[in-house]
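One-letter residues, chain by chain:
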Amino acid sequence: MNYGPLLFLGILFTLAASWTGLVVMPTKQLGALQPDLNTNTSVVFPKPLPGEAAQGRELYRSLGCNYCHTQQVRREGFGSDIARGWGKRGSVARDYIYDRPVFLGSSRTGPDLTNIGERQPSYEWHYSHLYNPQTTSKGSVMPPYAFLFELRPIGPEGPSTNSVKLGGEFAPKAGYEVLPKPEAKQLVEYLRSLKSSVELPEAPLPKSE
Amino acid sequence: MAALSPRGTATSDARAQLAEIDESCRGSVLLFFLSGMAWLLAGSVFALIASYKLHAPDFLGDFAWLTFGRIRTAHLNAVIYGFSAEISVGVILWMMCRLCRVPLMAQSVINLAALLWNFGLTIGIIGILAGDTTGVEYLELPKYCTPILFLAFALIAVWTIVIFRFRREKHLYVSQWYILAAVLWFPWLYSTAQLLLIMDPARGAVQAAVNWWFAHNVLGLWFTPVGLASIYYFLPKVIGRPIHSYYLSVLGFWTLALFYNWNGFHHLVGGPFPAWMITISIVASVMMVIPVVATAINHHFTMVGHFGKMRHSPTLRFIFIGAIAYTASSLQGVLSSVRWFSETAHFTHHTVAHAHWGMYAFFTMTMFGAMYYILPRITQREWPSDGLISLHFWTTLVGIAMYVLPLSLGGWFQGKAMLDPQIPFLEVVKITLPYLKIRTVSGLLLTLGHVAFFVNIAWLLVRTFGPYRAPEPMILAGVGTGNAPVGK
Amino acid sequence: MPDSNPSRQPRNPGVNPDLGEQHDVAEIHAALLREKPEPREGFEPLNLWLVALTGGLLFWGGYYLANFSGRFEANEYSEFPRGKVTAVAAAETPEQKTLRMGGQLYANCAACHLADGTGNPALNIPPLAGSDWVQADGANRIIRIVLHGLNGPVKVNGQVWQGNAMNPWRKTAENPSGLTDEEIAAVLSYVRNSWGNKASFVTPDEVKAVSEATKDRTEAWTEAELLQVPLKGGAAAPAAAGGLDLAGLKGQVEKLSAEDRKKLLESLQSK
Numbered sequence: 000m001n002y003g004p005l006l007f008l009g010i011l012f013t014l015a016a017s018w019t020g021l022v023v024m025p026t027k028q029l030g031a032l033q034p035d036l037n038t039n040t041s042v043v044f045p046k047p048l049p050g051e052a053a054q055g056r057e058l059y060r061s062l063g064c065n066y067c068h069t070q071q072v073r074r075e076g077f078g079s080d081i082a083r084g085w086g087k088r089g090s091v092a093r094d095y096i097y098d099r100p101v102f103l104g105s106s107r108t109g110p111d112l113t114n115i116g117e118r119q120p121s122y123e124w125h126y127s128h129l130y131n132p133q134t135t136s137k138g139s140v141m142p143p144y145a146f147l148f149e150l151r152p153i154g155p156e157g158p159s160t161n162s163v164k165l166g167g168e169f170a171p172k173a174g175y176e177v178l179p180k181p182e183a184k185q186l187v188e189y190l191r192s193l194k195s196s197v198e199l200p201e202a203p204l205p206k207s208e
Numbered sequence: 000m001a002a003l004s005p006r007g008t009a010t011s012d013a014r015a016q017l018a019e020i021d022e023s024c025r026g027s028v029l030l031f032f033l034s035g036m037a038w039l040l041a042g043s044v045f046a047l048i049a050s051y052k053l054h055a056p057d058f059l060g061d062f063a064w065l066t067f068g069r070i071r072t073a074h075l076n077a078v079i080y081g082f083s084a085e086i087s088v089g090v091i092l093w094m095m096c097r098l099c100r101v102p103l104m105a106q107s108v109i110n111l112a113a114l115l116w117n118f119g120l121t122i123g124i125i126g127i128l129a130g131d132t133t134g135v136e137y138l139e140l141p142k143y144c145t146p147i148l149f150l151a152f153a154l155i156a157v158w159t160i161v162i163f164r165f166r167r168e169k170h171l172y173v174s175q176w177y178i179l180a181a182v183l184w185f186p187w188l189y190s191t192a193q194l195l196l197i198m199d200p201a202r203g204a205v206q207a208a209v210n211w212w213f214a215h216n217v218l219g220l221w222f223t224p225v226g227l228a229s230i231y232y233f234l235p236k237v238i239g240r241p242i243h244s245y246y247l248s249v250l251g252f253w254t255l256a257l258f259y260n261w262n263g264f265h266h267l268v269g270g271p272f273p274a275w276m277i278t279i280s281i282v283a284s285v286m287m288v289i290p291v292v293a294t295a296i297n298h299h300f301t302m303v304g305h306f307g308k309m310r311h312s313p314t315l316r317f318i319f320i321g322a323i324a325y326t327a328s329s330l331q332g333v334l335s336s337v338r339w340f341s342e343t344a345h346f347t348h349h350t351v352a353h354a355h356w357g358m359y360a361f362f363t364m365t366m367f368g369a370m371y372y373i374l375p376r377i378t379q380r381e382w383p384s385d386g387l388i389s390l391h392f393w394t395t396l397v398g399i400a401m402y403v404l405p406l407s408l409g410g411w412f413q414g415k416a417m418l419d420p421q422i423p424f425l426e427v428v429k430i431t432l433p434y435l436k437i438r439t440v441s442g443l444l445l446t447l448g449h450v451a452f453f454v455n456i457a458w459l460l461v462r463t464f465g466p467y468r469a470p471e472p473m474i475l476a477g478v479g480t481g482n483a484p485v486g487k
Numbered sequence: 000m001p002d003s004n005p006s007r008q009p010r011n012p013g014v015n016p017d018l019g020e021q022h023d024v025a026e027i028h029a030a031l032l033r034e035k036p037e038p039r040e041g042f043e044p045l046n047l048w049l050v051a052l053t054g055g056l057l058f059w060g061g062y063y064l065a066n067f068s069g070r071f072e073a074n075e076y077s078e079f080p081r082g083k084v085t086a087v088a089a090a091e092t093p094e095q096k097t098l099r100m101g102g103q104l105y106a107n108c109a110a111c112h113l114a115d116g117t118g119n120p121a122l123n124i125p126p127l128a129g130s131d132w133v134q135a136d137g138a139n140r141i142i143r144i145v146l147h148g149l150n151g152p153v154k155v156n157g158q159v160w161q162g163n164a165m166n167p168w169r170k171t172a173e174n175p176s177g178l179t180d181e182e183i184a185a186v187l188s189y190v191r192n193s194w195g196n197k198a199s200f201v202t203p204d205e206v207k208a209v210s211e212a213t214k215d216r217t218e219a220w221t222e223a224e225l226l227q228v229p230l231k232g233g234a235a236a237p238a239a240a241g242g243l244d245l246a247g248l249k250g251q252v253e254k255l256s257a258e259d260r261k262k263l264l265e266s267l268q269s270k
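Chains as they are written, first to last, in numbering that gives the first Met the number 0: chain X, 0 to 208; chain B, 0 to 487; chain U, 0 to 270.
So that you can see chain X by itself, here it is in the shape it has in the complex:
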């Protein structure tokens, strides 16, 4: 193997092969997927995110939430994602067509979030959890995101309706309240938008028993 050009050709063709198989072919098969319109329920899925949720998605990216949370449900019979209530069906490629970037994730230090909007739609819960995960999930290793909130003295009209309900050791000092900043609201809107228990032709929902 002393012949440079031969080496070069081999190097070129081996990468060209996988480039064709793992980049070009998936693009051909999945690159033009369109949202599905279900003729029975008139539901279009998936849909692009509305304004605040889209901004929240940028925050999800910027804070690196992706490194502890996945957004992919494994199908029934492989892993116990569905049994854990993380979704009603396995995720398919079409679920992600509007995502930039795609947050499939590769680590479950925390639970999967594909359907967190269905599982937990409560603003209250999310604000408390983001402010300090110990308030709702004792023993969690998720970091606190108190910097998404502001600590404000309570005004003369009394506590704001938006203030985060924190009890016990987590409550702010007397005379102060914790309010979510716009970023926190955007992030929670994003989380609440995460719902994908919609039937697709390639991904039927299981029949209820």
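If you're looking for bench data, these hints aren't it; they were derived computationally from the structure.
Fair warning: there could be bad hints in the mix.
If you want a taste of the chain B side facing chain X, the calculated C-beta under 8 Å gives, among others [claimed, not checked]: (1) Gly-263; (2) Met-276; (3) Glu-342.
Here chain U is said to cover these stretches of chain B; the calculated rule only asks that three of the stretch's residues, wherever they fall, bring their Cβ under 8 Å from a Cβ of chain U [as the list claims (entries may be wrong)]: (4) 34-43; (5) 213-225; (6) 373-380; (7) 413-423.
No experiment lies behind these values; they were computed from the predicted model shown.
Cβ coordinates follow ideal geometry from the N, Cα and C atoms, glycine included.
Fit chains B and U to the supplied structure of chain X, relying on the hints for placement.
Only chains B and U this time, still in chain X's reference frame:
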């Protein structure tokens, strides 16, 4: 080859040529090595913070720029694109020059590449901590610095090919195949990934496909070839025997080239992809057994009977660990890609342990070995302290063993618990805590090793400005006492 | 041998040494001196067993690729050939099945009421474990809570919980991710029989009956309204807020002692 002087011999002329080559590499290789070491120290600090946060989440919790999602990313990019890649460049430039028997020409171009690279990476890491991460794994560096990095990579790639083009040695040694392959593959991988993921993202799940084709190939088509090229060079070089089998080298190289780059989707087992994509990557991953076993046989039979030389050679110690770790981590990788195993271990800390098994126990230890060989030759000074060498070796060996073995096990238990829907998620988290704590302790050991190495390098550089001193008779014992073939 | 004889020391060592100035190149570079020659390859033949292994792996690879690739189609997400049934759980009794399903569905509730049913005092979420509401004789009230939600303060085990609201979980066109009657029956059965709780199972028919009777209701319940609902028995319950359960009221008045009945009538007539 006729001698250059009446007192010289053919061998001393060969050595004179090698001395000239070493001398020509000095500035550029030193620049890349020192930058790489700085990134290693920074990356180690980021790693310690991230590791500690994972079991003590309130630690430094008030600072957005230190939040786990960002500091972990900064760690990864600092050690991959900073330390690992920059040391790679220093090592492959030196090896290519030596094996091609040409001195490094126009160093200023390489030095420019190093400066661009460091500049780009610095603003990139700061950007990540500030929140500008792209969110794409292994490609988190923000858009404003990647063109700078790409230019630096391109300059290095072109220069390596130029060295190759002007080679004076007809025979192509196996290390040169791997180095050529690495510098040709990487620009293609990087530009495809940047184009389809960052500049003009592909639609939906196709992004993940391209992402993991890229990310796995950074490991398999850049770092693995550089590591293997180094082991193939330094192992026979230090021992003084030929590599066991040319045919095994050929088989190993071409099967790696053929199969490794199809592995990417084994990161997506169970994911939202048609079955064939996952299956094809699993098949390719299992086929990797062939090059891994071929390489292991080659290395083992070259070394067998010469294990005692590790006593005197720091290079051999680190390379030996690297070679064993390559085989072990690769086989772990093959196992991990099979659906049966992945169902349990996917998404757990087992994957993190495997990544460090490959990138640290194999790649980093190999690079340490290479640096221990190269630095005295380009600075023309000997290592000042064998105590620091020993400290470096033992802390990193014990540290990495303490990292990968418990965390692989812990990840498996984590996965088994996650498979049981009756076990609440917070219970699963609790199971991982002891392993995460052990990992932090191992990180402290590793960092200690890095500091020891850095001090030794700094001391070596200080010595460069002083008179030459004969090597002290300790770890490099045997020199000047008649045991080494001096002058031959 | 590396020489420490000063007369043969190189000038300006280390600082840009000019090799041409030295008497002997080899002298200053002991490391180079003791180096072995550049590496080269030996020519041992390939191990036969490695060739066999390669062949074997290629065979396996081809077989696996042919049979587990879903015919290379874009829509085939399962690696198993169509029609293959994956492992079936061992036979279980209907009660075990209900508890298992209910346990899985409870994941929906665990976010607030927590996996161990202890609720969350910080967020004013009452516990389910040991709760008198949960373990009541009949499930009429808790079925309603799950169907339509709960608003306002509620007294559980003597302690008042207020300020938090529970969302409705009935499956409708507006709330497609809600629970069906069967699912509500399963999760309530689970809750009534977990964490030390002991109470009767809830049947899908019961849930269906309540759901039918309250099908026009849109708002969440309040504690006051729920306390008027009989725990057991037919779906004779208020269909809308402010509606009267005359039959229930009559039943309650009839249970009063004669004296209390008199007091009640007097107090009513005084209005």
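Right, here's what the structure says about each hint:
1. Gly-263: With a closest approach of 5 Å, the Gly-263 (chain B) hint holds.
2. Met-276: holds (6 Å)
3. Glu-342: holds (5 Å)
4. 34-43: Since 0 is below three, the answer is violated.
5. 213-225: violated (count 0)
6. 373-380: Three-residue rule met by the region 373-380 of chain B, so holds; n is 5.
7. 413-423: It holds, with 3 qualifying residues against the three required.
Of the numbered hints listed earlier, those contradicted by the structure are 4 and 5.
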